[in-house]
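K.L.:
Input sequences plus hints: build the corresponding full structure.
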Amino acid sequence: MEKVKTILIWILFVAAIAAIIVLFAYVNVNTIPEKQFARYQAELSKTANTDTTSLNRENEIKALNKKLDALNKRTQRLTPGNAFLIINTTNNTFELYKNNQIIRQGRCSTGSFIHLEVDSTKSFTFETPKGVMTVQNKVTNPVWTKPDWAFIEEGLPVPPPGHSSRREPNVLGDYALKLGDGYMIHGTLYQRLIGSPVTHGCVRLLDDDLEAVYTTLPVGSKVFIY
Amino acid sequence: MKEFIKRYKFGFIAFFTVLVIMLAITVFRYMKSMEAVDKAVNKKLSLIPEAEINDAGWNSPEIQEKKKEIHWLERHLTLAKSDSLNLGINLADSIVQVQLKGTVLFQAKIQKQNPAQFYNELNYGTYLDFTKIARISDEQANILKRPLKRIQAPKNEDEAAKIKHDSIPDPLLVWKFKLDNQIEVVITGIGLNKDSVADLRFDEDMLRYNVEKVKQKWVTEHYIPTLYIWLNDKDAKAIYRAIPEKGKVVFRN
Numbered sequence: 001m002e003k004v005k006t007i008l009i010w011i012l013f014v015a016a017i018a019a020i021i022v023l024f025a026y027v028n029v030n031t032i033p034e035k036q037f038a039r040y041q042a043e044l045s046k047t048a049n050t051d052t053t054s055l056n057r058e059n060e061i062k063a064l065n066k067k068l069d070a071l072n073k074r075t076q077r078l079t080p081g082n083a084f085l086i087i088n089t090t091n092n093t094f095e096l097y098k099n100n101q102i103i104r105q106g107r108c109s110t111g112s113f114i115h116l117e118v119d120s121t122k123s124f125t126f127e128t129p130k131g132v133m134t135v136q137n138k139v140t141n142p143v144w145t146k147p148d149w150a151f152i153e154e155g156l157p158v159p160p161p162g163h164s165s166r167r168e169p170n171v172l173g174d175y176a177l178k179l180g181d182g183y184m185i186h187g188t189l190y191q192r193l194i195g196s197p198v199t200h201g202c203v204r205l206l207d208d209d210l211e212a213v214y215t216t217l218p219v220g221s222k223v224f225i226y
Numbered sequence: 001m002k003e004f005i006k007r008y009k010f011g012f013i014a015f016f017t018v019l020v021i022m023l024a025i026t027v028f029r030y031m032k033s034m035e036a037v038d039k040a041v042n043k044k045l046s047l048i049p050e051a052e053i054n055d056a057g058w059n060s061p062e063i064q065e066k067k068k069e070i071h072w073l074e075r076h077l078t079l080a081k082s083d084s085l086n087l088g089i090n091l092a093d094s095i096v097q098v099q100l101k102g103t104v105l106f107q108a109k110i111q112k113q114n115p116a117q118f119y120n121e122l123n124y125g126t127y128l129d130f131t132k133i134a135r136i137s138d139e140q141a142n143i144l145k146r147p148l149k150r151i152q153a154p155k156n157e158d159e160a161a162k163i164k165h166d167s168i169p170d171p172l173l174v175w176k177f178k179l180d181n182q183i184e185v186v187i188t189g190i191g192l193n194k195d196s197v198a199d200l201r202f203d204e205d206m207l208r209y210n211v212e213k214v215k216q217k218w219v220t221e222h223y224i225p226t227l228y229i230w231l232n233d234k235d236a237k238a239i240y241r242a243i244p245e246k247g248k249v250v251f252r253n
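Line order of the protein sequences matches chains A and B. Okay, so the first sequence: first residue is 1 according to the numbering used here, each after it adds one. Okay, so the second sequence: first residue is 1 according to the numbering used here, each after it adds one.
Don't read these hints as lab results, they were simulated from the structure. Some hints here could point you the wrong way.
Unchecked claim - In silico SDA-like cross-links for lysine to any residue, where the CA-CA straight-line distance does not exceed 25 Å:
(1) B:K9 x A:V22
(2) B:K213 x B:D195
(3) B:K68 x A:T47
(4) B:K68 x A:V22
(5) A:K46 x B:A51
To be verified - Computed footprint of chain B on chain A; a stretch qualifies when at least three of its residues, placed anywhere within it, have a C-beta under 8 Å from a C-beta of chain B:
(6) 12 to 18
(7) 157 to 169
(8) 178 to 188
As the list claims (entries may be wrong) - Here are the simulated distance ranges between beta carbons:
(9) B:G191 x A:G131: 25 to 33 Å
(10) B:P244 x A:S164: 38 to 46 Å
(11) A:R57 x B:E52: 45 to 53 Å
(12) A:R107 x B:A160: 37 to 45 Å
(13) A:R57 x B:N193: 34 to 42 Å
(14) A:G162 x B:I163: 26 to 34 Å
(15) B:R208 x A:P129: 31 to 39 Å
Built from N, CA and C at the ideal position, the CB exists for glycine as well.
P.N.:
Below, the structure is given as structure tokens:
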């Protein structure tokens, strides 16, 4: 009995020591950073002037309201008033806007981020560029002019420019919107892959979405890609 | 009692030794930490004109709110002149947004932030400093900004057919960046559990971050306030990949 009591007391000592260590560790790890931030914020909130009697409150508010109105107008003018498209390359989604309202949203496919290395001097990166682009041209029943990488990635010899094997109809869907530098918004035969990052840099849409985008966006519309 | 103390002398000695050591360490770290805060405060205040610190209008809540909105819009207009995507962190509305040329492309709701009240009470001068357009000076993340998959061009059609596209690991995002106005931001992605419900681990994450900090620097020499933000992982990744390296960030509170 006495032996059990002794063991229990020693266990109590060990538990008390462990509790002290855990308590102080918690204070060091969590409480000190909290206190640091509280002190920092409190010091930066101090001001020597708490007197507002000298303030012509009404006039100041009037002036601020005027400024605010002007800024709001300028800010609103920045968003395109007509139709525009936003592409999210991480989640592979799109939003089509008209008159500052989303009129259609859904899945799309963007660049696969594959870096195809041909040799030490030549490589291709299949990435959809981020930023703002403009619809430069719209085409119905587009024909794909296959670039060099389309042959290289299939292990085929690259034909000379303008060669008939480069022309491939019926693979880009019913419409294409050209964004410049070879990038397009177009359809695909591989509809089940829409929503995945599988393209060579272009934006692929499902047939219905492509038609909506094609009819809504006139030439000159902005396409924001992030 | 005396007999008891005598019998368990080593137990008491061990207990009080640990207590004194832990207390000494904690007091030392606390003093050093506060010293670092004071240094950071003095450095910050030395850069801000006194007239701004003591702006009388700032004491009126109505004027303060209008001035905050004016500065937020002014920063947006300035950023709209740039061609790059930038990040807006609106703590007043709990929103993180990606914007380009003045158009908001993406908004994500802040699910949780720590400290819960980050810079909500500042004098006018330090508020201006906090909300000025800042640039990311140093950043780290556990996933790549551009998740490039390198493959060698196949030599023939047979080789092309054998190419496997390995998937890239996709852990929950942890994106840490320091801004040139001396604020550190940590954005953490929130995943879904097996029932497709948000798997919230705020306390666990905070403990991990705080332990990491103590491990990195046992004693704080240079204090930088850190804002922790939790977003849905998909949103967090979209924002992380949208913002370029050394990107610009603007706050609103």
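K.L.:
Which of the numbered hints are not met once you compare them with the structure shown?
P.N.:
Those not satisfied are hints 2, 4, 7, 8, 11, 12 and 13.
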